[in-house]
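Asker: In case you want the letters, here they are:
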Amino acid sequence: MSRWRSLCFEFSAMASPCSLQLDGQDERTMREAAAAAIAEVQRIEKKFSRYTDDSIVSRINHAAGKEAVDLDAETQGLLDFAHSLWALSGGLFDITSGVLRRVWDFKAGKLPEPDALQQVLTTIGWQHVQRQGNQVRLALPGMELDFGGFGKEYAVDRAAAVLLNHGIQHALVNLGGDLHALGERGLPDMRGAPWNVHIQHPRAPAAANTPPLAVLPLARGGLATSGDYERFFTVDGIRYCHVLNPHTGWPVSHWQSVTVLATNTTTAGALTTIAMLKGSEAIPWLEAQGVRYLAVQHDGRLLSQSPMDEHP
Amino acid sequence: MAVIDRMPMLITTSSSDKTQTATGVLLASLVLPGLAALAGMAPVAAAAESAPDKTTVSVKYGRYTDSQPGWDRVTVASPQVYVQAPIAGDWSLEATGVLDTVSGATPRWHTQHTPISGASQMNDQRRAGDVKVTRYFARAAVSVSVANSNENDYASHAAGLEARWSSEDNNRTWTVGLGLSNDSIDASKTGGSGPGGQKSTRDYQAGLTQVLTTHDIVQFNLTRSVGSGYFSDPYKTFDQRPDQRDAWIALARWNHYLEPFDAALRSSYRYYSDTFGVVSHTLGVDWVQSAGPWTITPGLRYYSQSAADFYVDPILNAQGQYDQIAVITRAVKRAGNNQSTDKRLAAFGAVTLTIKLAYAWSPDTDVDFKVETYRQTADWHLGGQGSPGLDPFRANFVQVGLTHRF
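In order, the protein sequence lines correspond to chains A and W.
Per this note's numbering, the very first residue in the first sequence carries number 1; after that it's consecutive.
Per this note's numbering, the very first residue in the second sequence carries number 1001; after that it's consecutive.
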């Protein structure tokens, strides 16, 4: 009961290495809290997976062009959020754009056939998602929803909320590089210190012993990074990354990576993705959102929020 | 690399923004379940959470009564104070103080109901306290403790040394412990049949705690206890017990988290065997259910023991009544040999039902309320009838507590 300790729970979820780090004194509560948080991540992964046939996402997608599907409150909330992101980003953040993966094969590293790409583009568009009451219907056959754009970030926040409900006050949730800090360090010798988050350099392989782009102190809130280095291939010296513009169907190229700190990880994650998609207009837009960010431009230039926003 | 040098200034916390106005995307995210609570957590100033090491103070008041049919025997009222305080970062101090006030009667023979002839009235106070100092290392801790307990006829002094250390991944913890105790009973001024005596006990303990999965933790403990000295009861005439009592105690626990219920199931089994010939088994199950700030813990414990080799059964007359003359006559004949009529050395079974209700007023303050009822009877002895002629025995325990950390 008495000893301060730091426990780290490593697990794998959403195809990413994940960890929970907790500082506390009551080991039993810490372990129970961690188990509950991991269970929550697994619940979300299962519920919103495209790969399981009975998931809510699969049921919505299978009914595309056909009938409406009943939604529970949580899924309605996520769709409301998706709608807000779509509206706030001028249509750039679109959870119907996942179908582009049918023509973009990052494993094979081949550019898509123009005709096939055009064909897929016709099934993209949040405006074709019909909401009525607690129901949703995808108007066009072949349409698909994909929660991959914010599901992991949402799971990070939910895991943090579970830890909070268990009375945990010092923890860092990390799902594949999307993080939520629930209070600063708690150990007596580092009391009040922030968690140090290493931001990977977008042009340095993570595995090698290269120094990080930056070490960000994170005491509370969410941090997410989106980059062109996560999945990509190169053809004739041009890098094609996995962040695809839903209007053109082509990869973005203005930013190597964008890291955002926000009150929660869901917000941070959505903002990094939108910033990647907004290209050169990203900076004023991030400033307007009132968040802290660190962005690496295509030429390697580093940008962060204007100095007047820095804390006194 | 110049960039990195300016990074620490760049971002401290997202909450150091002067205002927590939710704009655009953040505002939209707050519709999601649980996220508003997280946002609400954000302190206005980053320094607001840099609390000092916490001190825990806990005050409890318990009341114990036991009874046999038609006879309320003993009532114990125990106020208790517990303090745990960190000292100098790597050290902590824990201390407990208890004051038990006992009143009632103790039976002299088996389970007599006739308080007039058999039971001695008693009114006693017990003061007990213990102090434990722990030194923490990176993945280990060493504790030294002393404990004292005093009543007008009984004094107990104990000391302990415990070390525990964890594996690199914190999934396994080993413990070793040594305990020494010295007890003396002086019945010469309190109406005993004999003057009493002293006994000393040494306990050696080794344990292992292992995290199996994110939902399961198991623990094993093995204790060897070696005791010598005066084990008899000076208030019972003809009570004579061996002057050596060695025991083996094995304990296994399993805590399992049940995800669908947001509850934990704690189960345990304890095996005890000593040179008096007593073998006991204890099976316990607790269900720890949390519901918001409440924690409800119902528990069930089953205990069964065999009689000591030198325990003598009561003698009943033709009407099935306790025959005190015959019992005394037999005891006189056996004088000089080990013998005891203490029902705690008989064969019986017992069940304890517990319900504990705790409410977390705030993260730092909680109140709890515990009710425990214990029933012991020979009929519940494992594997059939226990010692004959024992009246069932009941005990109830109620405790309220307040714990505060600051």
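Please note that a few of the clues may not be correct.
Straight line, CA to CA, 16 Å or less: simulated EDC-like cross-link-like pairs of lysine to aspartate or glutamate [stated by the list, open to error]:
hint : chain 1 : residue 1 : chain 2 : residue 2
1    : A       : 46        : W       : 1259
2    : W       : 1060      : W       : 1368
3    : W       : 1054      : A       : 26
4    : W       : 1333      : W       : 1313
The hints are simulated quantities; they were obtained by calculation from the structure and are not laboratory data.
Asker: So, for every hint listed, does it hold in this structure?
Answerer: Going through the hints against the structure:
no., hint, in the structure
1, A:46 - W:1259, "holds, 15 Å"
2, W:1060 - W:1368, "holds, 9 Å"
3, W:1054 - A:26, "holds, 13 Å"
4, W:1333 - W:1313, "holds, 15 Å"
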